[in-house]
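J.: Let chain A serve as the given structure and place chain B on it in line with the hints.
Residue numbers (the numbering used here), protein chains in the order written: chain A, 1 to 981; chain B, 982 to 1170.
No wet-lab data here; the hints were simulated from the structure.
Glycine residues also receive a C-beta, built at the ideal position from the N, C-alpha and C atoms.
Check before you lean on any hint, since a few could be wrong.
[As the list claims (entries may be wrong)] Restraint ranges, calculated between C-beta atoms of paired labels, are given here: (1) B:Ala1120 x A:Glu722: 24 to 30 Å; (2) B:Lys1156 x A:Phe774: 34 to 40 Å; (3) B:Lys1156 x A:Pro621: 26 to 32 Å.
[To be verified] If we take Cβ atoms under 7 Å as the criterion, some of the chain A residues that face chain B in the derived model are: (4) Arg588; (5) Pro589; (6) Gln655; (7) Ile737; (8) Pro806; (9) Arg808.
[Claimed, not checked] Below 25 Å or equal to it, Euclidean Cα-Cα: the simulated SDA-like pairs (lysine to any residue) are: (10) B:Lys1043 x A:Phe166; (11) A:Lys657 x B:Ala1059; (12) B:Lys1082 x A:Met700; (13) B:Lys1082 x B:Ala1033; (14) A:Lys657 x B:Ala1022; (15) B:Lys1006 x A:Gly268.
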Amino acid sequence: MSQINRVKGGLIDRSTPMNFTFNGKSMQGFAGDTLASALLANGQRLVGRSFKYHRPRGIFSAGSEEPNALVQLRSGAHQEPNTRATVAELFDGLTATSQNHRGSLEFDLMALTDYASPFLSAGFYYKTFMWPKALWEKFYEPVIRSSAGLGRLSMDEDPDIYDKGFLHCDLLVIGAGPSGISAALAAGRSGARVILADEDFAPGGRLNAETLEVDGMSGADWATQALAELAAMDNVQIMTRTTIYGSYDHGVYGALERCTDHLASSNGKPRQILWRIYSKRAVLAAGSTERPIAFGNNDRPGVMLAGAVRTYVNRFGATPGQQVAVFTNNDDGWRTAADLAAKGVNVTAIIDSRDKPAVCDVPGARHIRNAAVRDTAGRKGLKSVTLTDDQIIDCDCLAVSGGWNPNVHLTCHQRGRPEWRDDISAFVPGGTLPVGMAVAGAANGALTLGAALAEGRAIANQQIKDLGFTASRKAAPKAEDEAFECSPMWHVGESIKRAWLDLQNDVTVKDVKLSHREGFRSVELLKRYTTLGMATDQGKTANIPALAVMAECTGKTIPETGTTIFRPPYTPVPLGALGGRARGHDFRPTRLTPSHEWAKANGASFVTVGNWMRAEWYTRPGEKGWRDSVDREALNTRTNVGICDVTTLGKIDVQGKDAAEFLNKVYSNAFAKLAVGKVRYGLMLREDGICYDDGTTARMSENHFVMTTTTANAVLVFRRLEFARQCLWPNMDVHLISTTDGWAQFAVAGPKSRDLLRKIVDEDTDLSNEGFPFMGCAEVTVCGGTPARLFRISFSGELAFEIAVPARFGNSMMEVLNKAGEEFGAAPYGTEALGVMRIEKGHVTANELNGQTTAQNIGLGMMVSQKKECIGNVLSQRPEMVGDDLRLMGFRPVDHSLDVIAGSHFITKGDEANMANDQGWMTSTAWSPNLGHSIGLGFIKRGNERIGEVVRAVSPVHGKEMEVEIVSAHFIDPEGERLRG
Amino acid sequence: MADYTLTATPPLAGVDRSFGDLSLKAPADLALVSIALPLGAEDKVLKAIKTAYGAELPDAGKSVLSKDGTVRLVRLGADQAMVIFTHATPDAEPTVQAKLKGTAYTTDQTDVWVGLELSGPTSRDALHRICPLDIHPDAFAVNDSARTVMEHLGTLLIRTGDDTYLLLSASSSAKSFLHAMETSAQNIS
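The shape of chain B in the complex, shown without the other chains:
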């Protein structure tokens, strides 16, 4: 038994707020692992993903849920994707690596990012205040994803439901990110 134990304090742990009909919360135990597709061996990864998650890796700018609905696969670029799932312990990367049976390069991104889920009928109004992208329901469909900059912060935006968005941004600036989101929600409610 070690003499010392480490306690996890993710920067946005426990954030769960309402602004009128808008809800803003930090999903608990959100784990992220990036996948890089080796040059020339992409097909093997795609096959492994299909086997592991029961879903095809979509094109860049799109995401898909695993067959059991517990894992979201986001294609970030030609050779890069992100696996998003709920996982409390700091071993998300070996978990994904094992599922893909060594076909892809993986990097733990869990602590690199923080996530905020924005939900409610006015979610788009709140996003209009900080998101430069066209998020009209027709232009940015459910499961679409895009990287952009909001309030100087690099952000990955994923539409996870009709009026629900998952936003990921850097963990070091988590408090500024939260402030930006809260201000938007506050200003429109």
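Here chain A stands alone, though its shape is the one from the complex:
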């Protein structure tokens, strides 16, 4: 097919032809074309099928408001459905296919639905698919799902990459049309940092689409010249192919930059970038969108917005038809006729709904006054229109203009409501704008060129003066104010056939009337009942005419009827762009322990703990499952010696003259008199008296403490300590800094741990029980002089130490410990064996410190001192907390062959298993290889008085229950002889 609809002129580069295919048909366009303009140039009017009735549809607009011309771009994994042909920049090799049809585009089997349209009115689904209930899941839903939606995803992973970023400016100018360029020029000349963003690849807005002059030259030339001036300014950044899609708090705007959508391949670079723009001020110069008039069969390919027809002819040198009629209710529509005629296109008639003389002379065109189109003919493309006086006019394109709506969308993103202006019959931005935003040009209701240019400059100057800049004195660019008088007309009442309001969702005038009849009269309900204004175009061309119809039904005015709220995004943002880099492994950062490489090389399986990757167990040859590994590690630690990387526990360096007193205030137990060289276990309470963290703190010197926290609460504890230091007790000399990542720390646990450490710790340290007793700590050296910290603390309940070296030596240290420990049967153990041993020992973790339990509950009531002032001790004495008799106890199954289940609830024998009889719950369970049966920890009422009692452990979730005996939580070495040995 040749480019039969090309006309002279335009901003396309005819020396750069570009080949593309549509539904497999080869076509050619030029650089500077959009897919839509190239399709029109090739005479392709039918481009898709409508959403609900599968009606043939063509190109309706020339911008991002397009409701009809949605196509699938590219192929394979790169395939992107629901792309607006009107904003898809043509490139050589582009492949596009139409969507939403079964069979070919020309013969869509689903078009049968159009014949069933009398039954498919608004609310059809709600009314029809309610009964019989049984059919819903098995029949209705699959059928509806298979016919719903428009394009299809490839179902492959998106092979493109996306990025995001942050930009800052004094003034963000949204839209590079006449008012936007004028605003950017004014602000740029003043020296302010300006970002000028435009969704088009060729900035200029309507200047590129009109024949109007600015400063004595064509609008497009003026735009080119102005943009060159802006591009030469260091303080101005011009962002084309960039849509400002949302206005957020504090002058923050969301922007989507389409970097490579106009190229055949991204070449490994980001396809799109999602920018967050921090602006001090913003000028919204988003222009306006033309609105249609609804009449019978107004959805045929060839029925288009008049301004769009003008754009295709003037900017793209492509006429949408050879015989064009214009239907308008305003002066602006006349310019379409004039511009077409100037390009030699046959204009058959200008149908003006008003009874007024010709606005301008259009050679060869009939002027039909006080008339309207009530019907059209032509199944896959317009052939003629029928007027209200029944005369038929042959045409292959009807340019419709119902006036222009300012693009107020971004002014509403923070709940601003637009206001109605009678003189232009349109909503304009209301008084409540996002902080820092001002609106200029057509978006503000200044619908003529001269006014838009002047307003852009004035508003920008006002904005930058607010920021302390001196406005440039250079005058605003000059242009005439074109005629734009408009007499509202929303739909043609004489139409008998269906008249479309929302082309994208197949919502007709009749549907709105039905919605009114059935009581869905609020605009919000209207939208949801009819699907008006949903999907990719968000009703940019549909909303206002539909509101007008509803207003007519209710007898109210349009402003009384109101509008729905515009929310971000202004135009669709691909999920890929929202995801950006955060995909797969890069979804969040990963923290690795210092011994990660060694662990990887030695059979470790890893578990994610927050952002950390921790070894959960180390598989040895011959082990058939994780339990084999964990049992071995736990047994070996209690028999020989085990080594575990415990670096993930939070470490906070606390220094200062008041450090001891500070710790005394943040821990519930006494810390003021902890001796240098000693470690103490501490419990932290929230202000409300509930436990929130535990750990050990070592006094390295008089004014220097090293605190450890749980892995999960490392940041929380640090933050709360900073709050306490800075806000509660600012007069204390206390200083905090995190050293979590700085020290690789290893638990060396088991009866032979001392023997192992004697080989590592340099000889001048006495490791005997007397020289380095339980809960001792010291700065030592290891392996011939490397600085280290040694703590004699035990989570496993065995004779145990924790040794810390600078993190850079961590991997080496793990290797050395295992090597040196060979003769003692040393083996690494992971978090699972750690868990088994702590349950055997009755030590608590997050399962027990769950944010609802008290020190009393976990059996540490004595650790809440009432002799001092500390966080949480006052409120821990509330009667309801003191009276809470849940106690942490051990549980073992009466039948040792059974595994206890975490989450089971305890019920006294003989009682019914219900909430009223609930006695508590099982918090942690494990198989104890040392005891040879399953064990559990849990909270049970009056537990300390019920040792030996057998209760039911019921798990309705698993549908299981068993009898368990209440025992001490300390299954192993309850007297603590091992760890002190």
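T.: Chain B in isolation, oriented as in the chain A frame:
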């Protein structure tokens, strides 16, 4: 002589890459020691710093080079600063402590952080992809410093030259940090 010796393997050791005109490298043997100014005795520390380094400790958000240009002092807050210098052995903290003659509390931060130096005419373009701060040359001058979050990672950013930035982040997430920086450099080059 001990039977075992420990080998240092800092997570980003040896990173030195180019992306077009951008260079990304991990400075070797970067040592960091934090200084806390004791309450009520701040003047003594400031004096000791001046004596030890021949430079005044600047205000928060600023950094300064020592007189001999080998040490960078970064003021992190009212009572906290960081001393950054090149030092291979694991005794950076006692070194600084000795220089300050016991006037300040010091903590070794060398292994807590990793550093990456980003340099080149497009360094700001790369940073725009991950750094939420305004790093326009006028807004973030040479020697300015700021703490922020990039790609979920706490980061200390210091402008050490016209187009050169030193970025410090936690050592446990060093590989994610490197990946974030490399991706930014890759995406703009």
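J.: Give a verdict on every hint.
T.: Tested hints:
1. B:Ala1120 x A:Glu722: 24 to 30 Å: holds (27 Å)
2. B:Lys1156 x A:Phe774: 34 to 40 Å: This hint holds: roughly 38 Å between Cβ atoms.
3. B:Lys1156 x A:Pro621: 26 to 32 Å: holds (29 Å)
4. Arg588: holds (6 Å)
5. Pro589: holds (4 Å)
6. Gln655: holds (4 Å)
7. Ile737: holds (5 Å)
8. Pro806: holds (5 Å)
9. Arg808: holds (4 Å)
10. B:Lys1043 x A:Phe166: holds (22 Å)
11. A:Lys657 x B:Ala1059: holds (18 Å)
12. B:Lys1082 x A:Met700: holds (19 Å)
13. B:Lys1082 x B:Ala1033: holds (9 Å)
14. A:Lys657 x B:Ala1022: Cα-Cα ~11 Å, so holds.
15. B:Lys1006 x A:Gly268: This hinted pair holds, its Cα atoms lying about 23 Å apart.
Consistency note: the structure conflicts with none of the earlier hints.
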